[in-house]
Amino acid sequence: TQLLEQSPQFLSIQEGENLTVYCNSSSVFSSLQWYRQEPGEGPVLLVTVVTGGEVKKLKRLTFQFGDARKDSSLHITAAQPGDTGLYLCAGDPNDYKLSFGAGTTVTVRA
Amino acid sequence: DAGITQSPRHKVTETGTPVTLRCHQTENHRYMYWYRQDPGHGLRLIHYSYGVKDTDKGEVSDGYSVSRSKTEDFLLTLESATSSQTSVYFCAISGTGGKGYTFGSGTRLTVV
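Quick mapping for you: the protein sequence lines, in order, are chains A and B. For any residue, its number in the numbering used here is found by taking its place in the first sequence, counting from 1, and adding 16. For any residue, its number in the numbering used here is found by taking its place in the second sequence, counting from 1, and adding 645.
Bound-form chain A, shown alone (with noise of 0.2 Å):
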């Protein structure tokens, strides 16, 4: 059983569409992490959120924070082939090992 259950596992969407990814949690978080991963590499930190409630923009990207700190998401605007990849939930349940979620591969077709 994942401590933190991602949906959906796949998005395909077109260009230009909107897309929100969601990560949510019956533990609380003192942090939420978000990475992306591309195929052949390892996954790469796009934002940590702290604060419950916290809204964090990283140019068309918008990451959330729920206000238990239980849950999280993450929303695309104007998608991009670019924005094709592996996305990553992870948070630490104790103080010094992340938890992941499985994951959720986002496809942007051109």
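Read the hints as simulated data drawn from the structure, not as lab findings. Backbone N, C-alpha and C fix where the C-beta goes; we use that ideal spot for every residue, glycine too. Misleading hints may appear alongside valid ones.
Unchecked claim - With the C-beta cut set under 8 Å, the calculated list includes, among others, these residues of chain B facing chain A: (1) Gly-687; (2) Leu-688; (3) Tyr-695; (4) Gly-696; (5) Val-697; (6) Gly-708; (7) Tyr-709; (8) Phe-735; (9) Lys-744; (10) Gly-745; (11) Tyr-746; (12) Gly-749; (13) Ser-750.
Please build the complex by placing chain B on the supplied structure of chain A, with the hints as guidance.
What follows is chain B alone, placed relative to chain A:
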């Protein structure tokens, strides 16, 4: 100028043989981790280290051992490889524990 490197990048080995994967960092980070990635399971923690000679088990540690004799090197050993250990293995480092991991590029291991 990558701060973390894994070797080898690819390996094919036979069932029952021991295999050692290496993770090397140049960032002088305290924490090092070994994860495996399998379809549908995401990244699962095998073992981690919080200092030289200080290691502990993760959620999928059976059949694996680790050693860290220097800050910069973290070795993962499959004591007797099985087909269920066919996977992509990632090493990660962190200076602060549960935040801001930097991952290596991974080792694709196939056990035949």
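Verification of the supplied hints:
1. Gly-687: Check passed: Cβ of Gly-687 of chain B comes within 4 Å of chain A, closer than 8 Å.
2. Leu-688: 4 Å, holds
3. Tyr-695: 7 Å, holds
4. Gly-696: 11 Å, violated
5. Val-697: 16 Å, violated
6. Gly-708: 19 Å, violated
7. Tyr-709: The hint is violated - Tyr-709 of chain B has no Cβ within 8 Å of chain A, the shortest such distance being about 16 Å.
8. Phe-735: The hint holds - Phe-735 of chain B has a Cβ within 8 Å of chain A, the shortest such distance being about 5 Å.
9. Lys-744: 6 Å, holds
10. Gly-745: 6 Å, holds
11. Tyr-746: 6 Å, holds
12. Gly-749: Nearest chain A Cβ about 5 Å off; hint holds.
13. Ser-750: 5 Å, holds
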